Amino acid sequence: MNEFFEFLQSQSGKLAQQTLTHINLTLISVAIAIALGVPLGILIARRPRLAGVVLGFAGVMQTIPSIALLGFMIPLLGIGPQPAIVALFLYALLPIVRNTYTGINGVDPTVKEAARGMGMTGNQVLFRVELPLSMPVLIAGIRTATVINVGVATLAAYIAAGGLGEFIFGGIALNNTHMILAGAIPAALLALLFDFLLGRLQKRLKWRLGLAAVAGIAVLFLAMLLATSSAGKLLAGFTPEFMGRMDGYLGLKKVYGLNMRNVVINDAVMYQAMHESKLDVISGYSTDGRIKAFDLVTLEDDKTIFPPYYAAPLIRSGILEQYPGLESTLNLLAGRISDSVMTLLNYQADFLKKSPENVARNFLRQQGLYRPPRRGNKGVVRIGSKIFTEQYILVEMYRMLIEGHTDLAVSSKTGLGGTKICFDALTNNQIDFYPEYTGTGLLVLLQPPADAITRLVQHKDSVYQYVQAQFMQQYNLRWLRPIGFNNAYALMMQRKKADELHVHTISDLAKITTP
Amino acid sequence: MIEVRNLGKTFGNVHAVQQISFTVAEGENLILLGTSGCGKTTTLKMINRLLDPDEGTVLLNGTDTATIPPARLRRGMGYVLQHTGLFPHYTVAENIAVVPRLQHWKKEDVRARAAALMQKLGLTWQEHAHMYPHQLSGGQQQRVGLARALAADPPVLLMDEPFGALDPITRNRIRQEFSELEEFRKKTIIMVTHDVQEAFALATRVCLMDKGRIVQMGTPEELQQRPANEFVRAFLKL
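Line order of the protein sequences matches chains X and Z.
Mapping of the first sequence onto UniProt numbering: position 130 corresponds to residue 130, and the numbering continues sequentially without gaps.
Mapping of the second sequence onto UniProt numbering: position 5 corresponds to residue 5, and the numbering continues sequentially without gaps.
Just chain X, same shape as in the assembly (with noise of 0.2 Å):
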């Protein structure tokens, strides 16, 4: 308990910017959603053959995955807050519309009547009489699309617009639970916030203060926010996990000094955004089929800060007990696969759109490695996999291996998020292996004293041996023989971009972004 409060007390600053910034996403989206949706809705409680068209319009954007809307936003509106808002928008927007065509509906004929026969003009029955009416109905859709809203902004921070996402995807990438909750809590408490206010709205009907209120603070947000987008020098983009590791963000700052604007973005965007040129530099893996398919290069660590990530099988004891002969096939892709060869895989995978399966397929026939599947009769062994290609493609040539040279069955659970989830599901017996990579076992799962980190990185071996001794003192699991690749942290550039500003090393980045 205390660490935490220790941790909320050192990320003081950071909090309180991220729960602005979340905030200010949150409000600014319901607010255009509520100077949008509202109008919607009249128009279609007065002309109720669109309220088809339009409910349906507005349903069909909130079955969309929140990642998925994030994700078109990127070609049509870059990453940042504004891609950010508008995916906001659009889920706020059903909840308000319906609200307003229903609470409009409800309103009784008879009153309607009766204001029209008092001499009211359709706007003065509109203003006087329907939107009050209607208005606890009203708010109670603002109420809903307010507290969606701030659980779906967390998401915000995969396309670099900030928010509580950055605390809660950096600590889930970097196993810190403190992190994690220093994002979760606030959020949550927002949405309560958010919805007491709400509720006090609804029950006092002090509506036109009310909005005005949301109107005002919306304006002024975004007066902030248009005042602090400014242009500038290099931009990076940076994953929440290499944002807050020793072997990333903070490493480059430690010993190359490097000081440069820099935005928190997700991997599986990052590539495109900096692609479409809205980043400069960001941080990749050095197996990435992307590197390949965007024509990147990767600048040398010429004062070698990140690790060797060497992959290997991170097993169970107690499985290579039980089936004597998992090991060796296992063991059997070992020194197998280069980098450039997984790169090749990985770019198969990802840009040439195999799947996972043929690409496994494919590259153990070549090895002479690939048998058809056996009996399977003799038991299960349960794989698990982050998410992302290469673990996809690992998982494949280790279920082929088992099928194809010993009886034992195969079930695997692919797309566990992250190092911390999948590490979970491994010690708490759902899983019995998965890939992992030795620079990941080391700084995440570890965590050792800092000389004791720089003492080790500079070998492959010496991490391998550390972790393989540690892993096994500590969890009794054990890390088999490498696959032969390094997917290490690197930092990358568009080739273009790199050879007209001459940066090859990180210490060239340096020296051009920090005065």
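Derived by calculation from the structure, the hints in this document are not laboratory data.
Just so it is clear, the structure is predicted and the values come from calculations on it, not from any experiment.
Ideal placement from N, C-alpha and C gives every residue a C-beta, glycine not left out.
One thing to keep in mind: the hints can contain errors.
Claimed, not checked - Here are the computed distance ranges between Cβ atoms for each label pair: (1) Z:N172 to X:P39: 46 to 52 Å; (2) Z:H130 to X:Q11: 49 to 55 Å; (3) Z:H130 to X:P39: 31 to 37 Å.
To be verified - As a list, the in silico SDA-like pairs of lysine to any residue whose alpha-carbon atoms are at most 20 Å apart: (4) X:K203 to Z:Y132; (5) X:K112 to Z:P88; (6) X:K112 to Z:L44; (7) X:K112 to Z:R72.
To be verified - A few chain Z residues that face chain X, going by a derived Cβ cut-off under 8 Å, partial list only: (8) L50; (9) A71; (10) R74; (11) H83.
Once you have looked at the hints, place chain Z on chain X.
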């Protein structure tokens, strides 16, 4: 003052109203009497253009009402509804003030007028002005509905079953009070009812309708003494 010429209105293929013509002189009380669905309410709503006629015209002081903007036309005609149609989000005072405020009266005048009307209708400013409609009894609500219709002192009053939703005792009492108001005597009133007794108590002339057409029109005495046909005789229970 009001002249109705050959009004006709069709809903789908139902002829709600056909060939209705009558004239109402200033200060007269015309009661549209008939069973449910005979077209009396439809006729009334065509006078203040809540419905637009398919055929025929309504003249107000010689002007075709189709040429008057509906909102302006209606502000000159008080309107009382059966189920009051009071605005649930307005207090009693605010409900009464609706039309004067639409006509941009001064605040003091609005308040004075509301207070005066409330007093005439047996409500007190202190007790009732700040109550909301749902806090009032049915009879009180109907009084507020009357006050709202009378507030801007319109020369014409249209009333659609104004006492219809009340219990018989309250209905008789309010009707009695209403007929004693000076407003009642001064104004040109067109009122819809299905209650023969009520019609005869309030009418200068009665217009008896059936199936969308006028069956007989005349003073209560004329209808009683010289009923035009069996229907009139049966309806009036003569």
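Going through the hints against the structure:
At about 49 Å, the beta-carbon gap between N172 of chain Z and P39 of chain X stays in the expected band of 46 to 52 Å. Take H130 of chain Z and Q11 of chain X: their Cβ atoms lie about 53 Å apart, and the range 49 to 55 Å holds. Our hint of 31 to 37 Å for H130 of chain Z and P39 of chain X holds, since their Cβ atoms are close to 33 Å apart. A threshold of 20 Å between alpha carbons decides the hint, and for K203 of chain X with Y132 of chain Z the separation of about 16 Å falls inside it, so the pair holds.
Of the supplied pair hints, the one linking K112 of chain X and P88 of chain Z holds, its CA atoms being roughly 11 Å apart against a limit of 20 Å. The straight-line distance between the Cα atoms of K112 of chain X and L44 of chain Z is roughly 17 Å, inside the 20 Å bound, and the hint therefore holds. Annotation: proposed proximity of K112 of chain X to R72 of chain Z holds, straight-line Cα distance about 17 Å (limit 20 Å). Satisfaction of the interface hint for L50 of chain Z is found here, the shortest Cβ-Cβ separation to chain X being roughly 6 Å, below the 8 Å cut-off.
At its closest, the beta carbon of A71 of chain Z sits 5 Å from a beta carbon of chain X; the interface hint therefore holds under the 8 Å criterion. Checking R74 of chain Z against chain X by beta carbon gives a least distance of about 4 Å; that is within 8 Å, so the hint holds. Here the hint on H83 of chain Z is kept, as its CB sits about 5 Å from the closest CB of chain X, short of 8 Å.
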